[in-house]
Amino acid sequence: MTYSLWRVAREALRGNTGWEPAWRDPAPKPRYDVIVVGGGGHGLATAHYLAKLHGITNVAVLEKSWIGSGNAGRNTTIIRSNYLLPGNEVFYEHSMKLWEGLEQDLNFNTMVSQRGVLNLFHSDGERDAAARRGNSMRLHGADGELLDAAQVRAMVPLLDFDNARFPITGGLLQRRGGTARHDAVVWGYARAADRRGVDIIQNCEVTGIRVEGGRVRGVETTRGYIAAGKVGLACAGNTSRVAAMAGLRLPIESHVLQAFVSEAIKPLVHTVMTFGAGHFYISQSDKGSLVFGGDIDGYNSYAQRGSLPIVEHVAEACVALLPCTGRLRMLRSWGGVMDMSMDGSPIIDRTPVDGLYLNAGWCYGGFKATPASGWCFAHTIAHDQAHALNAAMRLDRFATGALIDENGAGAQPNLH
Amino acid sequence: MRIPCPHCGERGNEEFLYRGAACLPRPSAEAPDAQWHDYVYLRDNPAGSHRELWQHVHGCRRWLVLTRDTRTHAIAAAVDVAAAAP
Ligand SMILES: Cc1cc2nc3c(=O)[nH]c(=O)nc-3n(C[C@H](O)[C@H](O)[C@H](O)COP(=O)(O)OP(=O)(O)OC[C@H]3O[C@@H](n4cnc5c(N)ncnc54)[C@H](O)[C@@H]3O)c2cc1C
Ligand SMILES: [Zn+2]
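Protein sequences appear in the order of chains A and B. The first sequence begins at 1 in the working numbering and counts up by one. The second sequence begins at 417 in the working numbering and counts up by one.
Hints in this document: simulated from the structure, not taken from any laboratory. Predicted, not measured: the structure shown is a model, and the values here were computed from it. Don't take every hint at face value.
[To be verified] Derived CB-CB ranges, DEER-like:
| hint | chain 1 | residue 1 | chain 2 | residue 2 | range |
| --- | --- | --- | --- | --- | --- |
| 1 | A | Glu20 | B | Glu426 | 55 to 61 Å |
| 2 | B | Cys439 | A | Asp405 | 50 to 56 Å |
| 3 | A | Asp33 | B | Arg477 | 27 to 33 Å |
| 4 | B | Ala501 | A | Glu100 | 52 to 58 Å |
| 5 | B | Ala437 | A | Asp33 | 33 to 39 Å |
| 6 | B | Val495 | A | Glu100 | 52 to 58 Å |
| 7 | B | Glu426 | A | Lys29 | 43 to 49 Å |
| 8 | B | Ala501 | A | Gly408 | 48 to 54 Å |
| 9 | B | Ala450 | A | Glu212 | 23 to 29 Å |
We put the CB at the ideal spot given by N, CA and C, even for glycine.
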């Protein structure tokens, strides 16, 4: 069933009795050409592009829970391509272009909203760094504008511009950045992949990876053994555990990141804003809630909940930036387990096991990457070779020294 | 999360600095690059019991080795590095 205005009108007149499930609920087949482990945004996007662009349709996505139950359904939905380093920026700008055509491609309203992403700065040094980043973005074909304090004030008047410690002196704005509806991205990719024949199998946990003679043969699951020509891992925070089933030890630590929403208020923040000096960022949902967050909790964690010091810190940073939010109530907070890589950048690559591919290391920034990640991972799986766009995102870069360390923080995942 | 410092007693985790997995075997200076790569970059990253380094920066400033469950944050042991098994 194709979604359209005509279909909505027709169903409205028929009491919404004609809608069908958006994807099937198939039993696993004994064998697939490609098995993707993990039904988050990246796994589902990979299946979609495998089927659409590479003609590989005998594909299953295996998800231990329900699709989107991991970080895909827990993130703060920011999309942007404002990276500094060449190995990253080409990839994220490709992702931004895919976002711009995603709703037409998927025939699904993913609510892509290019409301802009504004990185505030407070000193000459920070402005120089922002200018350098903006120049890098523009050299890679993305957009970026350096705003002075008056221009920021015109956009978002209620900030504490004259804060004694962090006076706002300007910002780096990417107008094409913004937000997308995270659940809709999951559902849109699932439905599009399903329509091309991909089996989406939920409540199916991978418990083992069968490797014979250095080549992957299939996976053990809670619903039995399933043979596979190739296996792609897109397990985000659980990557180390699943990769260990094939004997791999990875440059990854799992850490928890929290997010928060306030009660709904009238329009206050109509862009996405980052207050890096305060370790804080914020946007406002279409329902009116402020959606915000800060740093990761900072120690290894597989618990999908965080600790109170971060809650306190984030609330303080919110009020420091937007004093008018002081009386606002926080509605909810939650956490997600993220795959923090040792240089803060992702890995999309083959592995030492033939036929086993790795998509991981997304840290706190993998939602924006969802389209390009699936696109590049599908290419890498189909051709057994990276595409130029993910050529730098190699697993062996930690051995060769070709790191992509945006922050220059070194092998200390809780600092990325 | 509250951390039982062997010197200061139970304190909030915001008083501590986290440094990651404890007791990774440090290669000798002459060891081949591959061994250094494993030491600097690869981690077991277990879901469960994890031995890890914390420094009580806002307390006694001693380095501690914690044994903590990464799923529940239950702390089974917290000992001073000087007293910790290698
Ligand atoms: C609070 C928070 C805020 C964030 N905000 C942003 C943001 O604003 N912008 C941005 O770009 N990024 C953001 N991120 C990061 C982003 O959400 C992740 O990088 C991205 O979602 C990871 O890819 P995914 O969607 O495929 O992951 P997930 O949705 O986590 O998918 C992995 C899936 O694998 C499944 N799985 C794991 N083990 C197994 C197994 N053994 N068998 C079968 N299935 C398995 C899991 O159940 C899960 O569904 C945020 C993350 C968090 C936690
Ligand atoms: Zn102490």
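Hints, one by one, checked against the model:
As the Cβ distance of Glu20/A to Glu426/B is approximately 56 Å, the hint placing it in 55 to 61 Å holds. About 26 Å separates the C-beta atoms of Cys439/B and Asp405/A, a value inconsistent with the hinted range of 50 to 56 Å. For Asp33/A paired with Arg477/B, a C-beta distance near 57 Å fails the hint of 27 to 33 Å. Checking the proposed 52 to 58 Å range against Ala501/B and Glu100/A shows it holds: the Cβ atoms sit about 56 Å from each other.
Ala437/B and Asp33/A have their C-beta atoms about 38 Å apart, which keeps the hinted 33 to 39 Å range intact. Hint check: Val495/B to Glu100/A, Cβ distance near 55 Å, so the stated range 52 to 58 Å holds. For Glu426/B and Lys29/A, the Cβ-Cβ distance of about 54 Å falls outside the hinted range of 43 to 49 Å, so the restraint is violated. Checked against the given bound of 48 to 54 Å, the beta carbons of Ala501/B and Gly408/A, roughly 35 Å apart, lie outside it.
For the hinted restraint 23 to 29 Å between Ala450/B and Glu212/A, the CB-CB distance of approximately 26 Å keeps it satisfied.
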